[in-house]
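Numbering-wise (this note's numbering), the sequence shown opens with residue 2 and increments by one.
These aren't lab readings, by the way, just hints derived from the structure by calculation.
Please read all numbers here as calculations on a predicted model, not as lab measurements.
Any given hint might turn out to be false.
[What the hints assert, rightly or not] Computed beta-carbon distance windows for the label pairs:
1) Arg126 x Arg58: 26 to 32 Å
2) Arg72 x Arg271: 25 to 31 Å
3) Ser208 x Pro119: 45 to 51 Å
4) Leu178 x Arg72: 49 to 55 Å
5) Ala53 x Glu159: 33 to 39 Å
Even glycine gets a Cβ: it sits at the ideal position worked out from N, Cα and C.
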Amino acid sequence: MSIAPAEKGKSMRSRQPKQLLLAFFGEHVVDQDVPPLRASSLIEVLEGAGVAAPATRATLDRMVQRGLLTRERRGREILFSLTEEGGAVLREATERVRGPHPFQPHGTGWTLVTFTVPEDQRTLRHRLRSALTWEGFAPLRDGLWLAPGEVDLDAALEPLRADLPAAAITAFHARELPGYAMADNVRAAWDIEKIRDEHLAFIDTWSAASTAAEAGSPLSARAMLVADWLALLGTDPRLPRAFMDDDWPADRSYEVYWAARNALDEASTRQFTALTADGTQRRAS
């Protein structure tokens, strides 16, 4: 099968400011000895990725309210830092973002989850559903969520632990029985062709040298790349290859991602170092 996303109308989904900021902080800030970052620097990076300044400011405000970032004012500058919760969210994603097998399930069999969260806690329900989706879960039927392999739910749900009601989650690890093939259930839970399209769109976008060249800077391009990669990882649930055809594009996506990342690494790291050094000098003066 040839890769021709443009001919089939495939395109990368729009990059949201929060995705770009999480990508930026995940690449350059989490677990690094980095001083607080100026709002103007973050705005500049996202402007290079096509996000207007008001949208970036509004997203930074929401991330502060959500507890992912802290904000402080020093003189005329507004500075942002990752919180412990923000760092935990990004660390949870790091293994898959940087790992060698991001599209393979961990272990065998299937993990099943049901949960009960009161209707009046809609924000918590949304956060829980998002956490499950990131781990590869999809709703199968009647409140039953299914994911391939042996999912580490303790790690996946750690950022939510303090907010979840007691006994809100029931989980099992299971294997399919002979005569009860999973293929129909897999296709009922996941849109396989949509997942394929997302891979092909990623490959088409980041195989083109023009994608990074059209960004405002190497830092902006790297944030765009990692934001797109996070979106793809959130779409692909790591289904066993037995359910995919021989031309499944996940391996090509992995190769394209690392080629683009390696190409941007030196220039974006140099630019980030200059950005933080400039901020330190401004505050010292």
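Now for the hints, and whether the structure bears them out:
1. Arg126 x Arg58: 26 to 32 Å: 28 Å, holds
2. Arg72 x Arg271: 25 to 31 Å: The hinted range 25 to 31 Å holds for arginine 72 and arginine 271, with Cβ atoms some 27 Å apart.
3. Ser208 x Pro119: 45 to 51 Å: 46 Å Cβ-Cβ, so the 45 to 51 Å window holds.
4. Leu178 x Arg72: 49 to 55 Å: 54 Å, holds
5. Ala53 x Glu159: 33 to 39 Å: 34 Å, holds
Of the hints listed earlier, there is not a single one the structure fails to meet.
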